[in-house]
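Engineer: One line per chain: the protein sequences are C and W, in this order.
Once you know that position 229 of the first sequence is 229 in my numbering, the rest is easy, because the numbers rise by one and skip nothing.
Once you know that position 141 of the second sequence is 141 in my numbering, the rest is easy, because the numbers rise by one and skip nothing.
Hints are not guaranteed to be accurate.
[Said to hold, decoys possible] Under the rule of at most 30 angstroms between Cα atoms (straight-line distance), these lysine-lysine pairs were calculated in the DSS-like manner: (1) C/86 with W/227; (2) W/215 with W/5; (3) W/6 with W/227; (4) W/227 with W/174; (5) W/64 with C/13; (6) W/5 with W/174; (7) W/215 with W/227; (8) W/218 with W/174; (9) W/215 with C/86.
[As the list claims (entries may be wrong)] On the chain W side, residues computed to face chain C include the following (Cβ under 8 angstroms): (10) 51; (11) 78; (12) 83; (13) 85; (14) 89; (15) 100; (16) 103; (17) 131.
[Said to hold, decoys possible] Derived CB-CB ranges, DEER-like: (18) W/108 with C/228: 32 to 38 angstroms; (19) C/178 with W/223: 26 to 32 angstroms; (20) C/201 with W/108: 38 to 44 angstroms; (21) W/105 with C/224: 30 to 36 angstroms.
If you're looking for bench data, these hints aren't it; they were derived computationally from the structure.
For clarity, every value in this text was computed on a predicted model and none was experimentally measured.
Quick reminder that beta carbons are idealized off the backbone N, C-alpha and C, glycines included.
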Amino acid sequence: MADRTTSRGSFLKAVAAVVWKDVRAEFRSRELFSAMLVFSLLIILIFNFALELDLKTRQSVTAGVLWSTFAFAGTLGLNRSMAIEKDRGCLDGLLLAPVDRSAIYFGKVISNLAFMLIVELIVLPIYSLLYSVNLFQPGLLLVILLGSIGYAGVGTLLATMSVQTRTRDILLPILLFPVVIPVLLAAVKASSGVLGGADWEEILLPLNLLIAYDVIFIAVAFMVFENVVEE
Amino acid sequence: MIAVKKLVKRFGLKTVLRGVDFDVQPGEFVALLGPNGAGKTTFLRILASLSRPSLGEVNIAGYKLPHEAAQVRARLGVVSHLPLLYGDLTAEENLQFYARMYNLPNYELRITEVLEMVGLVARRRDLVRTFSRGMQQRLAIGRAVLHDPDVILFDEPYTGLDQDASAMLDDVLKAVAAQGRTVVMTSHDLARAEDLATRFDVLSRGVISASASRKELKRTNLLAFYKQALAG
Chain C
1 MADRTTSRGS FLKAVAAVVW KDVRAEFRSR ELFSAMLVFS LLIILIFNFA LELDLKTRQS
61 VTAGVLWSTF AFAGTLGLNR SMAIEKDRGC LDGLLLAPVD RSAIYFGKVI SNLAFMLIVE
121 LIVLPIYSLL YSVNLFQPGL LLVILLGSIG YAGVGTLLAT MSVQTRTRDI LLPILLFPVV
181 IPVLLAAVKA SSGVLGGADW EEILLPLNLL IAYDVIFIAV AFMVFENVVE E
Chain W
1 MIAVKKLVKR FGLKTVLRGV DFDVQPGEFV ALLGPNGAGK TTFLRILASL SRPSLGEVNI
61 AGYKLPHEAA QVRARLGVVS HLPLLYGDLT AEENLQFYAR MYNLPNYELR ITEVLEMVGL
121 VARRRDLVRT FSRGMQQRLA IGRAVLHDPD VILFDEPYTG LDQDASAMLD DVLKAVAAQG
181 RTVVMTSHDL ARAEDLATRF DVLSRGVISA SASRKELKRT NLLAFYKQAL AG
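Between the sequences and the hints, there should be enough to build the whole structure, so can you do that?
Structural biologist: Take a look at the structure:
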């Protein structure tokens, strides 16, 4: 019993250490955050010019534009986050720690998710201004949180795989987008429902799907992470 | 301390290690020599639990790999030609991070001890990306001994170092070995290996083709022994 408690304690400490390290390094370099933010804003601007539509149509495409922005900017963040681990052999340093390797996975997921959410929170008001849509609705924020959890969960696993190849920069989106489509579809559907003022019963189905995908993706990643990182 | 029996490692159709037998007693300093592509790094990565053996047995400090990998890793320090350090963290923050990963209690005192040992106390608050290659390698050794491991694996630690940095690394390596730790080091620098190690093993064509202690080498020099091992 005591052993299990100690082991759980060291697992949580390792998760916290990975998050602390990522936040501290990012706070100093701001490489990952600034790349994601600038890229997100550029995508929104491009869509703004490309879709010269009336107000009603703009509102109807909001969910699609938002999730396209988050998905594209997310790959930049995930790639950079794992490239930092690979550049000076740091991934080996993490793997040499005497902890369950899933602690490294959860630590990376939490920090990647935190960076994604911060960028999304900055993007939302700018999008609201450009497209004249009120995005600060509790329902939409919940959908964005759930969608981002699924995206960061599966993205961190695939970024760990792709970073070990020579073509890491181009491989991640090719691997990630087909796998993450269920999350994106459910997130777009639920976001459209919230923004269009649909009944909760209508929104509940994509929302439940989103929760199910989050649980499945994270459970699978938890089970296979050790095999992915070990040669 | 380290017992390896009939170790085989395959990558697809390519067999890199073809039945390696390797034993190291506690306190021994073994230099693992061999040409490029002989499988030295692959062998060390298996000992470090970073790679799974295809066949064979590996025991370190009484624990079996890969099933008891976490227990092995707690007793193991690894230094490679890459520093395994984060450039955007200071020297002290890097060691704090690893101390947390190793769940060390009251690690601040230990970090100061380690920084003193590798001669980086004055630079403890500087970012690692501002360090020279030699300083990064000294800090990498500090990282590897932070949790006071019984076994240390060095994979080509002198790669990319100039003469001064190599000489400084010699002193740090001697200090690490003098504390009774078991050390396995791969190196192409025969002169340095001869100066530091107590035993010399040659890995060639996927097996240990020759082994000699420092005493046995008294009649000949390491270069002659190495050439003979590769020729045979």
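Engineer: Tell me, which hint numbers fail for this structure?
Structural biologist: Of the numbered hints, 1, 9, 17, 19 and 20 do not hold.
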